[in-house]
Amino acid sequence: MVPTSYYVLLSAILFTIGVLGVLLRRNAIVIFMAVELMLNAANLALVAFARERLGVEAQVIVFFVITVAAAEVAVGLALLVAIFRTKRTADVDEVSTLKG
Amino acid sequence: MELLIWLIPLLPFIGFLLNVFVIRRERTAGLVASGMVAAAFVVTLIAVGVLASMPPEERRIVSTAWEWINTGSFQVPFAIMFDPLTAVMALLITGVGALIHVYSIGYMHGDPRVVRYFAYLNLFVTMMLFLVMANNLLLLFLGWEGVGLCSFLLIGFWFERKTAGEAAVKAFVVNRIGDAAFILAMLAIFTYFGTLNFYSEGEGGALGFLERVGDIAGLRVGPNWQPIFVSTAISFLLLIGATGKSAQFPLFVWLPDAMAGPTPVSALIHAATMVTGGVYLMARTEPLFVASFTTQGWVTWIGALTALMAGTAAMAQWDIKRVLAYSTVSQLGFMVAACGMGAYVAAIFHLLTHGIFKALLFLAAGSVIHGTHDTQDMRRMGGLKDAMPVTFRTYLIGALALAGIFPLAGFWSKDEILAHAVGHGHTPIFIILFITSLFTAFYMGRQVALIFFGTQRDPSYHPHESPQVMTVPLIVLAVGAIIGGAINLPVLHWLTDWLEPVLHEQAGEFNLWLALIATIGAVGMGYLGWWIYTTNAAKIKIGGKDPIYRYSGDIWEGMAEAWYLDRLYQRTVVAGFERLSDFLARVFDPQGVDGLVMGVGRFFGGLANSLRAVQTGYVRTYALVFTVGVLLVIGFMLWIAR
Amino acid sequence: MELILFLITALIAIVGAVAMLVSRNAVHSALFLLLNFAAIAVLFLLLQAPFLFTIQLTVYAGAIMVLFLFVVMLLGAEKVEDTPDRIAWQQPLALLLGLALLVVSVVVGLGGATNPPPESEALIQFSDPRTLGALLFTDYLLPFEVTGFILLIAVIGVVVLNQRGRKI
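Residue numbers (this note's numbering), protein chains in the order written: chain A, 18 to 117; chain B, 2 to 643; chain C, 580 to 747.
Think of the hints as simulated: they come from the structure by calculation, not from any bench. Heads up, the beta-carbon is just placed ideally off N, CA and C, and yes, glycines get one too. Just to be clear, a hint being listed does not mean it is correct.
Said to hold, decoys possible - Calculated from the model, a selection of chain A residues having no Cβ within reach of chain B, i.e. all distances over 12 Å:
#1 22
#2 39
#3 56
#4 63
#5 70
#6 82
#7 98
Claimed, not checked - Sample of chain C residues facing chain A (criterion: CB under 10 Å; computed from the structure):
#8 668
#9 670
#10 739
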């Protein structure tokens, strides 16, 4: 049986890659993907802990996370499309009219 | 009866409200305003009739509407009263007031703000009635300030003219000095008597302070090395209040400038009623004044000095209204001096007759101004007696009455004051007042000659007689100026008897020799004035000097400037204040206050400017900062769990 | 055996994630992310969570990734990063922060005490989807319903956001 710590390590690596994706990429859709990657990393850690403690509740939470993530992706992508329609770009750096 | 006396001030007040909120048309405004004051006059007549039917010692009706101020021991009812003194004042205010309202319909015709004018005028009558009908000092002060406000509004009625606005402010500010003293007097009275009521409220009520003046007999106040009697302190403060309102030395400077207002206003407020408020106050609080020998001396001398100063100033004026203004100050000086000598009945008598014939003179002067298309400089007049016969005749009657020619109203009242001065040993006062009365005759002779005799010196206008709505009030007032003296003829002394319950004075003796000399002197001086200015009429040039200037030299200049009192204030108080204002406006405000305010603004503006760089608008930068924050939080938690 | 399977799957997951991070083309990124999701699904299976494995594949790999690909292609936003980065200075900083985050999360994740391996009997009970289903429709009924409602709102929101001819 693979120790839980391995999974946690993997989860940490994936999460970091997700953070880097948000910080480094400019394509709004890719940034969005990186966010999804972070969610998955968190899910992975959660399921790993669930197995260690035999807690089915954690699986329930993951189930909800996935569901809400689906809703979130739908709305988020709709927002991106709306922004694209006015700005004609998916570059987040172009959407900087709120600068002081 | 109580309802009846409330009607007297309320009728003009209703007129005021109607004029403010309802009426929009000039004609209605004039009719309603005049009608309300005339109705108040009728009500006053009825009230006087009721009062006369009561036994003399019970002739006082007090009516409390509600508790006005009720805080602990300080209780002031909104109470008015009606007694013989109030009655004669109310008759003068509503009677002369109604005539002036009617006259105003003609005089103000065509002015763009007539409705407002009548609203102010009605408010003035209301406030003046509260002043004379108040049963406590605070309500009197309400009226006192109310008439001051109306005076301010009406002097500055033609506010498009800079002089009018400035004169209004000047009148208001100068009156503040007197009013401050008035308030101090009120505080002192409350401190020592515990009430501001003049008389008890009805049967069995607590006594008012005028009925308990004995309480402060011999009481002293002030530092040990120089204590003064409380009665002196209070009455002196009241005297300062009266000098402000009644335009006495040294505060009379506002009244000549107040002539910038419409002429009927000058007649009503600045001749017949408001300026007599100070005299009324002194007569009303007579027990306080009589209690202080010191103050009485001051009152007498201030009155006499004012009479002489203003009388000489009136001689050297060219403006038709300024002559009358200084004359008013001079006559008020007579009244104040009479109060000082204890001749309160004579003072009130002169107040009443003066109110009638000075209103007549002002209205006639207004008629002259009206008929000569707003000419006020007498050097541009002359020979108007044929063009304006009614105005001329009524003016002549007014002038003779003011000069004190037998048997017109002014003769009797002035003679009573002079007789009192002689009879009670006030010889220096008598001499001053007698000389002033001769001057009075002289400047009236001069004025009549300048306006109505000779030839018209400025041919640029065609004089015409005023409409009937203006001349009828003149005729009525002229009749009053002729027979007005009858109310206190030497043998009958009706007024003295009528006022006896209030002023407790016995009729003075009639001094035949004095009357004879005074009349001869007045006729002589009046003729002299008339003669000089008719024979020298050719030498008077528009903008030129007075014929007498050649002989008198610069004294005449001093008289024309009212002995430079105004200029003294200008150079000391006003100039200093202007310097201070200038400093505040040019240095303190832009650099001090603005500097502080702007500095605070600039500081935060700069701070914000340097901080706004943080807001790049790049979402990824925010995410970076966010990550830093997350790391810090996790780091902190690790450090805690260590 | 299980460890080898885990290592291979983990490697695929990391490779997929890194490839997603570095691909210049958004379509490639999406496909690599799909690979990563599939690997994570397999890891769920290894973690005795067969139900989540199915969900992961159908919802994430199936629905969500298809949506991503669809939007990328709809907008033609495969390559938006051809222009020079205006805030390039933050790239090294981001890498540094990423490293720090990794260190911190490893420290945190491995800091907890480890339990003894559970008995196989209980593990079977745990991995049974019926257990999860029973829990969903009893104790977590309200959140379940609320989630359904959220999905409904999401649908309405998407329709409203992309209505034509109307200012939002």
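Please name the hints from earlier in the document that this structure breaks, with their numbers sorted from lowest to highest. 2 and 8
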